[in-house]
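*Asks:* Here's the letter readout for the chains.
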Amino acid sequence: MKQVNNMSELFDRLNDLKAVFRYGQKLIPIIQSIIDFMRDTVPLLEDINHSIADSTSKIPKAQDQITNVSSATELATTEILDLVDSISADIVNIENTFKELQKEEEEKGMLWAQIKSLLPDSAEAAELINKFENGRQFITKSSELIEIFQKIKNDVYNITLSLQVQDITSQQLAAVTHLIESVQKRLASLIVHLDESDLHGFEFQKAYSTKGTTFDPDARYTKSTERQEVADEIINGALNKTSQDEIDKLFS
Amino acid sequence: MALRFLVVDDSVTMRRIVINSLRNLGYDDFIEAADGKEALEKLTADSSINFVITDWNMPVVSGLELVKSIRGDEKLSKLSILMVTTRGVKEDIIEALQAKVNNYIVKPFTPQILKEKIDQIINAA
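Heads up: the sequence lines are chains D and Z, in that order. Numbering-wise, the first sequence is residues 1 to 252 according to our numbering. Numbering-wise, the second sequence is residues 253 to 377 according to our numbering.
Same shape as in the complex, but just chain D:
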């Protein structure tokens, strides 16, 4: 009886084994597909690795170019400021000289009034006096010229103020460089297993780090007064408080 049971168990096991083989036969094509897929994927992965290495090696150049743009705009801005300062100084000189001439002309006018009173009362003299006075337009024209000088000075000053854009764009560029640096670090961590030859010309420690430079990533060049109004509201609110404790409570 025991032998019959053993035989029955043996058949059960053989059936199990048969089922495994059948299942295995079904799995073989799937495993083959996986092997084929992996075989196809390897070159793709290598391509991806090479692409990452290539992109990563180009990053320092991109950072370099951004830094160059920043330096160039700073240099150009300095040159513009030099010219603006020079123009401003020239205008002030012209204006001062002009005011001196204006003063001299006023003095001459007073002398002329004295001379006129001494001239004989004749028709010929009156005609010559009229002719002479009509030709003297310096005083009337001078106030117009002073206004023009003032306008030029204002315009030149407005150019100066507009150059604030350089500082703001420099900060925006520094923010971009910082972002690129972060991407570079991520990419570098992806390609650590690559052969060193893939990283030809690329130095991880190249001195493009934005460390040490400071910037405001939200720097904006705008004519809007919205942000200043927010600042005024906060500052004025605090100025009305009498003690630092009150100020701290206001923002806690």
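Hints are computed from structural coordinates only; laboratory data are not their basis. The structure presented is a predicted model; accordingly, all values stated were derived computationally and were not measured. Beta carbons: idealized from backbone N, C-alpha and C, even for Gly. Treat the hints loosely; a few may be bogus.
[To be verified] From chain D, some residues computed to sit far from chain Z (all C-beta separations above 10 Å):
#1 Asp16
#2 Thr41
#3 Ser55
#4 Asp85
#5 Glu107
#6 Gln114
#7 Gln164
#8 Val165
#9 Gln166
#10 Asp167
#11 Ile180
#12 Asp216
#13 Asp218
#14 Thr222
#15 Gln228
[To be verified] From the structure, some residues in chain Z lie toward chain D, with a derived Cβ separation under 8 Å:
#16 Leu292
#17 Thr296
#18 Gly340
With the hints as your guide, set chain Z onto chain D.
*Replies:* Okay, now just chain Z, sitting in the frame of chain D:
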């Protein structure tokens, strides 16, 4: 009271713009510093400075750290400080205020705003 300004900004352009603006407002006494560290050295060496106009984002020692150092120094603590910065978010303004700046300007600034803030500080002193 005659004002002697210390203009602190790592951007040469901004320092020149601020100084041109001060000149346009009739002030003629100013010195410059490129960061907070240089500013502190100049403040320590020159007791005639009575008004500091500072940027926030600067290398070595930032504008905010400069403000805290000034306020923490017995000899310098009474100085007038105007912060001129691109940082315009509420949290930054509050942080500057808690560090005890006297007033705050968001770049780009206009001459009217600069005059208004300087006058406010002078009048409150």
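*Asks:* None of the hints should be skipped; say for each whether it holds.
*Replies:* Hint-by-hint comparison with the structure:
{"no.": "1", "hint": "Asp16", "verdict": "holds, 69 Å"}
{"no.": "2", "hint": "Thr41", "verdict": "holds, 47 Å"}
{"no.": "3", "hint": "Ser55", "verdict": "holds, 29 Å"}
{"no.": "4", "hint": "Asp85", "verdict": "violated, 8 Å"}
{"no.": "5", "hint": "Glu107", "verdict": "holds, 29 Å"}
{"no.": "6", "hint": "Gln114", "verdict": "holds, 39 Å"}
{"no.": "7", "hint": "Gln164", "verdict": "violated, 4 Å"}
{"no.": "8", "hint": "Val165", "verdict": "violated, 7 Å"}
{"no.": "9", "hint": "Gln166", "verdict": "violated, 5 Å"}
{"no.": "10", "hint": "Asp167", "verdict": "violated, 4 Å"}
{"no.": "11", "hint": "Ile180", "verdict": "holds, 19 Å"}
{"no.": "12", "hint": "Asp216", "verdict": "violated, 4 Å"}
{"no.": "13", "hint": "Asp218", "verdict": "violated, 7 Å"}
{"no.": "14", "hint": "Thr222", "verdict": "violated, 8 Å"}
{"no.": "15", "hint": "Gln228", "verdict": "violated, 5 Å"}
{"no.": "16", "hint": "Leu292", "verdict": "violated, 17 Å"}
{"no.": "17", "hint": "Thr296", "verdict": "violated, 23 Å"}
{"no.": "18", "hint": "Gly340", "verdict": "holds, 3 Å"}
In terms of the numbered hints stated before, the structure departs from hints 4, 7, 8, 9, 10, 12, 13, 14, 15, 16 and 17, listed from lowest to highest.
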